[in-house]
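Work out the full structure, taking the sequences as your base and the hints as a guide.
Chains as they are written, first to last, in our numbering: chain A, 1 to 333; chain B, 1 to 333.
Among these hints, one or two may not hold up.
Simulated coverage check for chain A against chain B, where a stretch passes if three residues somewhere in it have a Cβ under 8 Å from a Cβ of chain B [stated by the list, open to error]:
{"#": "1", "stretch": "35-48"}
{"#": "2", "stretch": "133-146"}
{"#": "3", "stretch": "154-160"}
Derived, one-sided and incomplete: chain B residues facing chain A with beta-carbon distance under 10 Å [as the list claims (entries may be wrong)]:
{"#": "4", "residue": "Ser90"}
{"#": "5", "residue": "Asp98"}
{"#": "6", "residue": "Gly122"}
{"#": "7", "residue": "Asp123"}
{"#": "8", "residue": "Gln161"}
{"#": "9", "residue": "Leu169"}
{"#": "10", "residue": "Thr172"}
Pairs of lysine-lysine residues, derived as BS3-like cross-links and limited to a Cα-Cα distance of at most 30 Å, are as follows [said to hold, decoys possible]:
{"#": "11", "chain 1": "A", "residue 1": "Lys248", "chain 2": "A", "residue 2": "Lys238"}
{"#": "12", "chain 1": "A", "residue 1": "Lys112", "chain 2": "B", "residue 2": "Lys112"}
{"#": "13", "chain 1": "B", "residue 1": "Lys168", "chain 2": "A", "residue 2": "Lys168"}
{"#": "14", "chain 1": "A", "residue 1": "Lys248", "chain 2": "B", "residue 2": "Lys112"}
{"#": "15", "chain 1": "B", "residue 1": "Lys24", "chain 2": "A", "residue 2": "Lys112"}
{"#": "16", "chain 1": "B", "residue 1": "Lys112", "chain 2": "B", "residue 2": "Lys248"}
{"#": "17", "chain 1": "A", "residue 1": "Lys112", "chain 2": "B", "residue 2": "Lys168"}
No lab work stands behind these hints: they were computed from the structure. Only a predicted model underlies this, so the values are computations on that prediction, with no experimental measurement involved. Idealized CB from N, CA, C, for every residue including glycine.
Protein chains: 2
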Amino acid sequence: MTLDNSLSREENEMTALEILTRAKSLVSPALEAATQRLSAELSPVIEHHLLVGGKYVRACLALLSASAAGGDQETGLVGALAIELVHNFSLIHDDIIDGDLERRHHPTVWAKFGVGPALIAGDALSTLAFQLLLEVPSAERVAAAHRLADATQAMIIGQAQDIASEHKLSLTVEECLSMEAGKTGALLSCAASIGAVLADADAAVVDALADYGSHLGVAFQAIDDMLGVWGEPSVTGKPVGNDLRLRKKTLPISIANSKGFDIFTGDVEGELSDADVAEAMVMLDECGARYETMELAERELAMALDALERTPLASEPRAQLAIIARYVIERDQ
Amino acid sequence: MTLDNSLSREENEMTALEILTRAKSLVSPALEAATQRLSAELSPVIEHHLLVGGKYVRACLALLSASAAGGDQETGLVGALAIELVHNFSLIHDDIIDGDLERRHHPTVWAKFGVGPALIAGDALSTLAFQLLLEVPSAERVAAAHRLADATQAMIIGQAQDIASEHKLSLTVEECLSMEAGKTGALLSCAASIGAVLADADAAVVDALADYGSHLGVAFQAIDDMLGVWGEPSVTGKPVGNDLRLRKKTLPISIANSKGFDIFTGDVEGELSDADVAEAMVMLDECGARYETMELAERELAMALDALERTPLASEPRAQLAIIARYVIERDQ
Numbered sequence: 001m002t003l004d005n006s007l008s009r010e011e012n013e014m015t016a017l018e019i020l021t022r023a024k025s026l027v028s029p030a031l032e033a034a035t036q037r038l039s040a041e042l043s044p045v046i047e048h049h050l051l052v053g054g055k056y057v058r059a060c061l062a063l064l065s066a067s068a069a070g071g072d073q074e075t076g077l078v079g080a081l082a083i084e085l086v087h088n089f090s091l092i093h094d095d096i097i098d099g100d101l102e103r104r105h106h107p108t109v110w111a112k113f114g115v116g117p118a119l120i121a122g123d124a125l126s127t128l129a130f131q132l133l134l135e136v137p138s139a140e141r142v143a144a145a146h147r148l149a150d151a152t153q154a155m156i157i158g159q160a161q162d163i164a165s166e167h168k169l170s171l172t173v174e175e176c177l178s179m180e181a182g183k184t185g186a187l188l189s190c191a192a193s194i195g196a197v198l199a200d201a202d203a204a205v206v207d208a209l210a211d212y213g214s215h216l217g218v219a220f221q222a223i224d225d226m227l228g229v230w231g232e233p234s235v236t237g238k239p240v241g242n243d244l245r246l247r248k249k250t251l252p253i254s255i256a257n258s259k260g261f262d263i264f265t266g267d268v269e270g271e272l273s274d275a276d277v278a279e280a281m282v283m284l285d286e287c288g289a290r291y292e293t294m295e296l297a298e299r300e301l302a303m304a305l306d307a308l309e310r311t312p313l314a315s316e317p318r319a320q321l322a323i324i325a326r327y328v329i330e331r332d333q
Numbered sequence: 001m002t003l004d005n006s007l008s009r010e011e012n013e014m015t016a017l018e019i020l021t022r023a024k025s026l027v028s029p030a031l032e033a034a035t036q037r038l039s040a041e042l043s044p045v046i047e048h049h050l051l052v053g054g055k056y057v058r059a060c061l062a063l064l065s066a067s068a069a070g071g072d073q074e075t076g077l078v079g080a081l082a083i084e085l086v087h088n089f090s091l092i093h094d095d096i097i098d099g100d101l102e103r104r105h106h107p108t109v110w111a112k113f114g115v116g117p118a119l120i121a122g123d124a125l126s127t128l129a130f131q132l133l134l135e136v137p138s139a140e141r142v143a144a145a146h147r148l149a150d151a152t153q154a155m156i157i158g159q160a161q162d163i164a165s166e167h168k169l170s171l172t173v174e175e176c177l178s179m180e181a182g183k184t185g186a187l188l189s190c191a192a193s194i195g196a197v198l199a200d201a202d203a204a205v206v207d208a209l210a211d212y213g214s215h216l217g218v219a220f221q222a223i224d225d226m227l228g229v230w231g232e233p234s235v236t237g238k239p240v241g242n243d244l245r246l247r248k249k250t251l252p253i254s255i256a257n258s259k260g261f262d263i264f265t266g267d268v269e270g271e272l273s274d275a276d277v278a279e280a281m282v283m284l285d286e287c288g289a290r291y292e293t294m295e296l297a298e299r300e301l302a303m304a305l306d307a308l309e310r311t312p313l314a315s316e317p318r319a320q321l322a323i324i325a326r327y328v329i330e331r332d333q
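Here it is in structure tokens:
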């Protein structure tokens with residue numbers, strides 16, 4: 001890390017976890033209350049998913065975004081709720097699409113309740129986000145709802161590109177980054193700016209915060225891609241080289257391809273053998289794809305932090321946004 | 001039918017089909033153009049679904065709703081588009097949930113492209129509806145978006161209740177009507193009023209049109225339930241007694257239960273045998289459930305038409321709304 005930051009990695013992590021815990025303690029009860037407006041049939045399904053938890057990174061960004069723009073946490077709360085609803089909708093649907101049986105060591109919604117109830121629960125969460133925002137038709141809430149709709153669509157398109165990539169041998173670095181900007185960056189960018197929109201901030205402030213979120217999203221995804229190949233099984237909960245085994249077209253693969261190293265050849269479907277996974281890992285390391293992925297994550301993190309500097313923001317939430325960004329990138333490398 | 005209507009059934013049908021064709025010719029190209037804003041990965045999936053077609057009843061109601069309230073078709077168009085997007089999202093997701101392989105003699109989206117692409121395509125359509133409405137943040141568009149979010153949620157909850165009913169032996173008439181009001185009535189009610197909202201009509205006009213749509217929805221669903229049991233296989237494309245075979249908790253079943261006739265007993269899962277289906281059909285007829293379902297549909301239709309009379313509306317679109325209502329109820333009985 002080339003960060004100009006006075007905190008050690010451990011101190012940064014501890015502070016970040018405190019900030020996240022505060023955000024969660026505010027947003028989690030509001031989220032439960034909001035989802036209880038749904039129906040007796042949906043409640044147990046959604047409750048199960050919410051109990052599995054999460055770090056509330058996006059909700060935290062939404063709250064900090066409001067404070068950074070001069071609003072208070074109350075201003076950002078409805079934005080934080082809406083963002084978390086859309087995020088959870090995407091998790092529930094992604095688990096169906098990927099056929100994943102577990103999330104955070106609990107059965108996924110579809111694995112426990114079936115595809116139908118999971119699909120419907122996701123639909124309900126997504127719709128609830130727009131109901132909540134539009135309940136009060138102020139210019140700020142409407143602008144927030146419009147941004148959220150656009151970000152949700154970008155996320156959905158990113159997911160569609162990811163699904164389509166399963167049937168391809170490779171993605172260019174550009175295609176991969178565009179897919180990841182949609183899948184991960186769009187909602188993080190919306191989270192990091194929706195509070196400012198709700199606080200009626202100037203366009204320059206909103207744009208800077210949105211840029212911070214976009215770059216953070218790309219950095220986050222690059223780290224995710226690294227962990228998918230080289231992550232410690234005890235931390236990721238998945239075997240070494242898991243993304244390789246599943247032939248996922250992640251960033252290190254695209255970078256290797258751009259250097260003339262073909263990681264996946266022949267069939268586009270079926271799992272890679274252990275031997276092929278091991279060979280691919282060596283190749284990715286030797287051709288510099290691992291190093292370049294890490295470098296890209298650091299560059300994007302630096303750009304996220306730069307965005308925070310280019311516009312006037314309240315100093316404490318600005319510092320907290322920087323701490324969260326660093327924490328997200330430094331997790332379990 | 002006890003309608004005071006000067007048109008014969010055949011004349012009404014012909015006129016209705018003309019009105020629907022006009023609406024479709026306006027909305028269908030706009031719908032295609034709107035969905036092309038999505039991505040290269042989603043386009044073929046959505047195109048396949050749109051090519052399968054449909055009658056555009058909801059889009060037609062949205063256009064007529066604008067004209068009835070003194071607006072023009074152009075005013076209602078974005079509402080018609082948004083309603084059709086939500087309707088098609090629900091069809092694509094319902095086909096996944098029900099495991100249906102065919103729709104209008106074409107493979108359903110999930111059957112042709114897989115669950116993942118179908119799920120994502122539905123998500124994209126639903127989100128696009130809100131993007132379109134919120135693109136212009138006028139008070140009318142925002143009010144329309146809020147109503148659509150609420151109607152979409154009611155539809156989703158109705159679908160959740162329907163899924164949950166699979167594991168029950170019976171629903172009360174009240175539970176069944178509430179489920180159907182959500183599944184079918186909410187979006188029809190929104191369709192029938194969204195044009196008036198976009199035309200900035202008085203609340204009394206909006207409410208009357210929304211009531212027309214709600215009653216039409218219940219009537220429509222009651223007819224659907226009749227066809228599910230007694231419909232001509234050549235018309236419905238499904239075997240006689242199909243809903244019975246699948247143990248669907250539809251209105252005739254609930255009515256029979258309320259009279260002390262248990263149609264489904266013992267197991268709540270697995271298909272009914274041919275003999276059991278035949279026996280159930282006789283029982284439903286003899287206990288008066290068939291007659292009462294028909295009577296309820298006619299009563300709801302009369303209430304839909306009454307709603308059109310209780311508030312000032314432009315006369316031609318009002319007459320056309322009545323023709324559409326009658327057509328929807330008289331289809332293939």
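Open item on the list: Are any of the numbered hints broken by this structure? If so, which, sorted upward?
Closed with: 9, 10, 13, 15
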